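There are 2 protein chains.
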Amino acid sequence: MSRLVSQMMQRASQALLEADREKAEAVIEADDEIDSINQEIEDAATELIALQAPVATDLRMVISAMRIATTMERMGDLAQHVAKTARMRYPDAAIPSQVQDEFREMAQIADRMGAKMAEVLASKDVDLAREIENDDDRMDALHRRVLDILLGDAPGPVNQAVDVTLLNRYYERYADHVVSVARRVIYLVIGERSDAS
Amino acid sequence: MSRLVSQMMQRASQALLEADREKAEAVIEADDEIDSINQEIEDAATELIALQAPVATDLRMVISAMRIATTMERMGDLAQHVAKTARMRYPDAAIPSQVQDEFREMAQIADRMGAKMAEVLASKDVDLAREIENDDDRMDALHRRVLDILLGDAPGPVNQAVDVTLLNRYYERYADHVVSVARRVIYLVIGERSDAS
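These protein sequences, in sequence, are chains A and B. To get my numbering, take the position in the first sequence, counting from 1, and add 180. To get my numbering, take the position in the second sequence, counting from 1, and add 180.
Simulated from the structure, these hints should not be mistaken for lab results. Mixed in with the good hints there might be a few duds.
Since the list gives no way to pick out one identical chain from another, each pair is judged satisfied if it fits inside one copy or across any two copies.
Stated by the list, open to error - With a Cα cut of at most 25 Å, we get these calculated SDA-like pairs of lysine to any residue: (1) Lys264 to Glu313; (2) Lys203 to Glu282; (3) Lys203 to Ile329; (4) Lys264 to Arg254; (5) Lys264 to Leu327; (6) Lys304 to Glu209; (7) Lys264 to Glu205.
Everything numeric in this text was worked out from a predicted model, so none of it was measured.
I would like the entire structure built from these sequences, with the hints used as guidance.
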């Protein structure tokens with residue numbers, strides 16, 4: 181699920197930055213699969229609890245797995261929103277030239293964070309999970325910078341401002357979700373809770 | 181939790197529509213409480229599963245309670261975002277006059293949906309849960325209308341467009357979350373699953 185979600189966001193970014201309609205369609209279709217996997221995880225976790233009655237750490241892990249799946253389901257939704265915006269503006273680019281560089285870097289950070297999330301889920305590497313916060317700080321800085329440019333001296337047309345405002349938010353939220361997954365893994369491994377949800 | 185979240189959104193709307201700074205502050209502070217309640221629900225549910233080993237419908241209900249709590253936690257976040265926008269623009273109003281009526285109605289619908297959600301959670305009234313979809317349709321129509329006005333003949337300044345775009349989305353997302361809670365209650369009561377997440 182984490183690999184599929186990361187791949188969706190990567191393709192959504194490509195669809196957005198290269199005005200690639202086919203990639204946008206592929207991402208929009210993939211969202212159903214993410215929703216199904218989320219449902220399967222809930223069903224499997226419910227069955228596991230009913231049949232094996234896990235307790236303590238094991239139970240905490242099963243419940244966390246469900247929460248993480250729900251978070252990733254929302255990440256898939258955000259990738260889909262990015263792809264839908266790209267499709268709506270096709271063959272034009274939804275990103276105006278003034279903020280191209282910022283969105284290109286946000287896309288790179290989202291990729292990197294998605295890859296780290298998949299690795300953290302597989303390895304339970306707490307140091308790597310903590311590193312994710314730094315990526316998120318950079319994402320937040322870019323988010324603010326895009327807003328500054330948008331509100332700066334050379335405002336573009338309002339329809340562009342609407343797209344850029346939402347796209348900017350989608351990337352920022354995507355990164356927040358990765359942070360919440362990372363915090364949950366940290367909590368599972370060392371029992372330290374920090375706003376995981 | 182559902183009453184507190186509904187009250188937060190109601191106050192956030194008042195803060196927004198009446199440029200009321202004190203109400204905005206109250207909502208922003210209340211969000212911590214929502215986050216704590218969400219955590220308490222997860223802890224209580226985990227303990228309940230560990231100690232009482234519920235199965236079948238009981239287990240499904242406990243797991244749904246956790247999911248619903250997470251959804252409501254996000255609704256609290258959205259109320260907080262509305263309140264923060266109101267505070268940021270204070271003493272000005274964040275909502276320009278062209279879309280005042282639409283936001284006033286969106287606020288009313290959000291109130292009504294929040295109240296119905298609380299009632300559905302208490303009563304498990306499936307008919308009332310289904311009614312929530314109609315409110316959501318009206319919210320979606322208003323969401324589109326605000327976008328149309330924003331992109332219409334008399335576009336305002338870009339900073340207003342940014343605020344309105346995000347606020348418009350916050351209300352639409354809030355309504356979507358109420359729908360997801362309602363669907364989960366329907367699923368619990370009659371075992372029919374329809375995109376609840």
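To see whether the hints hold, each was checked on the structure:
no., hint, in the structure
1, Lys264 to Glu313, "between (28 Å within a copy, 23 Å between copies)"
2, Lys203 to Glu282, "within (21 Å within a copy, 35 Å between copies)"
3, Lys203 to Ile329, "neither (28 Å within a copy, 31 Å between copies)"
4, Lys264 to Arg254, "both (15 Å within a copy, 23 Å between copies)"
5, Lys264 to Leu327, "both (21 Å within a copy, 16 Å between copies)"
6, Lys304 to Glu209, "neither (31 Å within a copy, 34 Å between copies)"
7, Lys264 to Glu205, "within (8 Å within a copy, 35 Å between copies)"
In this structure, the hints that do not hold are numbers 3 and 6, in rising order.
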